[in-house]
Structure formats: structure tokens, C-alpha cells
Amino acid sequence: MRYPHECARCGKPKSKPRASKKYCYQCEVDVRHEKSKRVHRARVSRMYGLLDDDYDRLYAAQGGRCAICLRATGKTKRLAVDHDHMRGLHNRAAVRGLLCGHDNDMLGQARDDPAYFERAAEYLRNPPAKKVLI
46 MRYPHECARC
56 GKPKSKPRAS
66 KKYCYQCEVD
76 VRHEKSKRVH
86 RARVSRMYGL
96 LDDDYDRLYA
106 AQGGRCAICL
116 RATGKTKRLA
126 VDHDHMRGLH
136 NRAAVRGLLC
146 GHDNDMLGQA
156 RDDPAYFERA
166 AEYLRNPPAK
176 KVLI
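With our numbering, the residue at position 65 of the sequence shown is 110, and numbering never jumps.
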């Protein structure tokens, strides 16, 4: 049996302010992260039919970054599971990749229409104002 001043997880002495808590500070952080990861895995599995390690394998295959902007790493906020809306949820084959929230929203606003992005790219290359104002 552990003494009340020892962490229930690692057995190290707890600081005085944490005397009434179950875990030391570091173990409390670790427990929270583990629970968050379990909840996320369950949600991803339920929503998209992904298996336990599918998210992690996809994340690694993308180099640990958003597949579009290549900037967001998912360290602060997990990357969203992007899926083909025509195939619907609960369909593992509908998953396309992992995106940051901004890029996932962008695809949704464009209604997954590739022509939208082709027009946007052409607009950036040749803005109408260039022809009219210059």
C-alpha cells in the first residue's frame, strides 16, 4: 500500500500542494494525455471505421503533418480525419488523409470540387486586376 504522500502511479513523493491529489504533477499530465488518446481513438474508430493504429500509420505516412499545408503537425490540436462525403461516415475506404482544421474547413467550403481549386489556382496565377489595372 502506498502512503498518501506518494503518487499512486509512480510511487514518487508528491509535492505539498499535491498532497490531496492521487497523482504527482507529471503522472497527472500523462494520465490526461492517455485518456485523451483513448477517447480520440474510440471516436475515430466509431466515426470512420479506422482500426486502432490506422490514424497513427496515416500520420506517419504523411510525415507527421497536414497533407495540404504541410505546416500543422497535430501536436497542439490533432489533425482531422478528412473523408469523402459522398461515401459517408463509418466507411474506412472514404478516408482520404489527415488535415489541419483550416484545410479541412477549406475542402468543405469548396464542397470537395476539384474544379474550384483549379479556378482558385488560375486566379492566383492571373488575377483579373492585373489585366484591368495594369
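These are calculated hints, taken from the structure and not from any lab test.
Hints are not guaranteed to be accurate.
[Claimed, not checked] Result set (PhoX-like, lysine-lysine): computed pairs, CA atoms no more than 25 angstroms apart in a straight line:
| # | residue 1 | residue 2 |
| --- | --- | --- |
| 1 | LYS82 | LYS61 |
| 2 | LYS82 | LYS122 |
| 3 | LYS67 | LYS57 |
| 4 | LYS120 | LYS80 |
| 5 | LYS122 | LYS80 |
| 6 | LYS82 | LYS67 |
| 7 | LYS57 | LYS80 |
| 8 | LYS66 | LYS80 |
| 9 | LYS120 | LYS82 |
| 10 | LYS67 | LYS80 |
Violating hint indices (sorted, rising):
When the structure is compared with the hints, only number 1 turns out to be violated.
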